[in-house]
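Undergrad: Listed below, chain by chain, are the residues.
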Amino acid sequence: MSMTLLYVQTLNGLQLGVLLFLIAAGLTLVFGVMDFINLAHGVQYMIGAYLAAMFTALTGNFFYGLALALPSALAFGLLLEFLIFRHLYDRDHLDQVLATFGIILFLNQAVKVIWGAAPLSVPIPEALSGSIRLMDGLLYPVYRLAIIGSGLAIAVLLGILVSRTRIGMLVRAGASNAPMVSALGVDIGKLFMVVFGFGAMLAGFAGAMVAPILSVEPGMGDNLLILTFVVIVIGGIGSVRGAFIAAILVGLVDTLGRVFGPQVLRALMDPSAASQAGRALAPMLTYILMAAILFFRPGGLFPAKK
Amino acid sequence: MTMPPENGPGFLKREAVPVLLFALLALVPFVAALGAESYLLSLVTRVMIFAIAALSLDLILGYGALVSFGHAAFLGLGGYAVGILSAHGQTDALVQLPVALAVSALFALITGALSLRTKGVYFIMITLAFGQMAFFLAVSLAAYGGDDGMTLPGRSKLFGMDLIKNDRAFYYAVLLALLGAYGLCRSIVVSRFGRVIRGARENPQRMAAIGFPLFRYQLVGYVIAGTLCGLAGFLLANQAEFVSPAYMTWQRSGELIVMVVLGGLGTLHGAIIGAAAFLLLEEWLSGFTEHWKMIFGPFLVLVVLFARGGLMGAIRRIGGGGGHG
Amino acid sequence: MAEPALELRDLNKAYGALTVTDHVSLALPDGEFHAIIGPNGAGKTTLIHQISGLVPSDSGSVRLAGHDVTDLSLPERVHRGLVRSFQITSILPGFSALENVALAVQARQGSSFRFFGRAREETRLNDPAMQALEEVGLGKRAGVRAGLLSHGEKRQLEIAIALAAQPRVLLLDEPLAGTGPEESAVLIALMQRLRGRMTILLIEHDMEAVFALAERVSVLVYGRIIASGPPAAVRDDPEVRTAYLGEEGG
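Protein chains in written order, with my numbering: chain S, 1139 to 1444; chain W, 9 to 333; chain E, 682 to 931.
Honestly, I wouldn't trust all of these hints.
Residues from chain W that face chain S, not an exhaustive set, calculated with beta carbons under 8 Å [said to hold, decoys possible]:
id	residue
1	F30
2	L32
3	G128
4	F138
5	F250
6	L313
Rather than coming from a laboratory, the hints here were simulated on the basis of the structure. Cβ coordinates follow ideal geometry from the N, Cα and C atoms, glycine included.
Modelling step: build the complete structure from the supplied sequences, incorporating the hints.
TA: So, in structure tokens, the structure goes:
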């Protein structure tokens, strides 16, 4: 295996990890603070991508599109919260699962009706097109670097927000002990809404960012949602730091495993069996990783609840 | 979710629903013979197969309050056991069925042992993740059709004979399986074991405090449910004479939960009614529009928000029977 | 000399910076009725959680008739004869009173991997359960769903469940909490009857009840035992009066 390939795939893994983090950050807080299981978080990501595609087409500029998509994604998230989610917080998990499952069914179909079943494509903005030479023989698309960069920047921002500000403190306290926060006289309903809207916007941002490099299509959030669950379970529910580390870990393991898994196996067994086994095992790697971590730490790497 | 008490009214009143249900199912082929036979037979066969899957889920979800979101994996495992064995020339149900059940049981044992170490939201997400793992495994089985799935050479044989090749014969075989599964579940929920599982639903801490290490009971329950769902997978593959990763998408797991809840949790016959309601609703709605999920999704949300206890619960309430607790 | 029925050796527990159990040591000889009193927030319930195995201890050990049970789980301790009740009534509301108790009998008999046969009709389970119910005075209410029992009856049921597990050491976590005077009287008479039949550790708020029932009393303040002895001696202990009785009696 060549070193260049390793670098490129590491960057790809990082990009997936950053993406997973953007989706997981909001979701882990929603789980942690509200003890609310939201399956519909993946459709927020999808909605973000569709909104970016629509606004980019309307304005002819990706950055305007992005700028319009973010508040729209936020508004959409708050609307869902107002209409449905807030009536589910005090319900049991099963009710939450069912209702949010219903929302997924509806929205996956609704985007088909509105935007058609065929995937939409969004051109990569001019300013971020092309590739950049990182080192000898290592070319990497600028846009993908931009995704990694903006994702990391948001992670840092979020870290400061959660650890340094009053609202961040409330959110952290809420994740480890929700009744105590409401006992302090904080309007829990408002706190939930803020956390929820913020999470929806982050997921929407992730969707908007990948719109130019992935096809925008119905159901695009579903598989990513489950990978996000894996991230949250590994990181520990309610922990933003855990979500970040787990997201990067899962991104790298998933990407590198698919590429190098078969190669590693080939060193151990005969080539055809290795490529068979490698192809079968690679997609399972992240889940095996999750199982292993759970076995030793049932609460994840950084459990927020003591 | 509300649970009906174990002490219902009189025997006849309590048993009226399941007796009626099975009588109806037994009569379907005669009605079908009057017209649209193959359509009706195959639709109701499918309903019964999913009823077995929903029953098995009700055992842990309805009676044990374990929200398992990866149950469709067992449908796939049962199905692929048939598919893969057939591809290697092993077409007898006497081999296929035990393998299907054993594989399902083993998967349930391993994933259950890991998932049951956790609770609440974690449990839901982890079962979902393991379900997805099985899905991806099927997708990556290039030798067995990968993404596209594989067509079976035909239905399973029994003692080398084509006993269930005929649709009507297959119908009755499935009915028999459903009856057996229902009887088994009925027996389990009132047994000593079932009482422990039901107790854990109501108050796990109490159960631990009177000396039940719940983990092992819940794990056995999980394995029984998974194995039973493997049976449904075995039947499903035989009906369609086709298996594919689509058997075990996470949406399918969600649909199984919907079936159980629609029919009313923890009633067993409710799972059969729920499976029928879901599949017939799907059939009926998709007759109007290909976008039937746009109707079904909001319907589901409304059921959760306004009709606690599922459709049967709502019907009972409207009928003046009065909901419980 | 015989080993104590229940012995705590230097138990500790802290939540972050907050120490809730602070070097607690205690030995209960076989058959003693021992009570722990203390103001709210003294860590009484945490201590019972630690003894019963619901909450792990940071350090120290719990010994049952000379055997170290510190590493055993809650269910395992029950099988060794260490049984507890709960402060907040913790019954199975959807089950009948009889079934609640029958489950405890079933747990003791250790044969719950039976998938056939109607558990509800087994006399092997129901007879001992009925006996326990009658012992606490609930014989006539056996068929009633536990959720529908009155508060006092639920507390009686709670004790019946514990008794059905045939405890050698019984931990009672505020059995009188929230009961009216009549209900209290029934429960106190019940505990009176249990006295001497098994080793009992009672945690209770009701002073009168404690001083009437217990052979020895320990006072827990901020996770520490500040006094331990016969009721009369403890009542007159000046440190106890200032730390606890003064506050409560004021």
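Undergrad: So, for every hint listed, does it hold in this structure?
TA: Going down the list of hints, with the structure as the test:
1. F30: Not OK, violated: F30 of chain W not within 8 Å of chain S, min 28 Å.
2. L32: With a closest approach of 27 Å, the L32 of chain W hint is violated.
3. G128: holds (6 Å)
4. F138: holds (7 Å)
5. F250: Because about 21 Å separates F250 of chain W from the closest Cβ in chain S, which is outside the 8 Å limit, the hint is violated.
6. L313: holds (6 Å)
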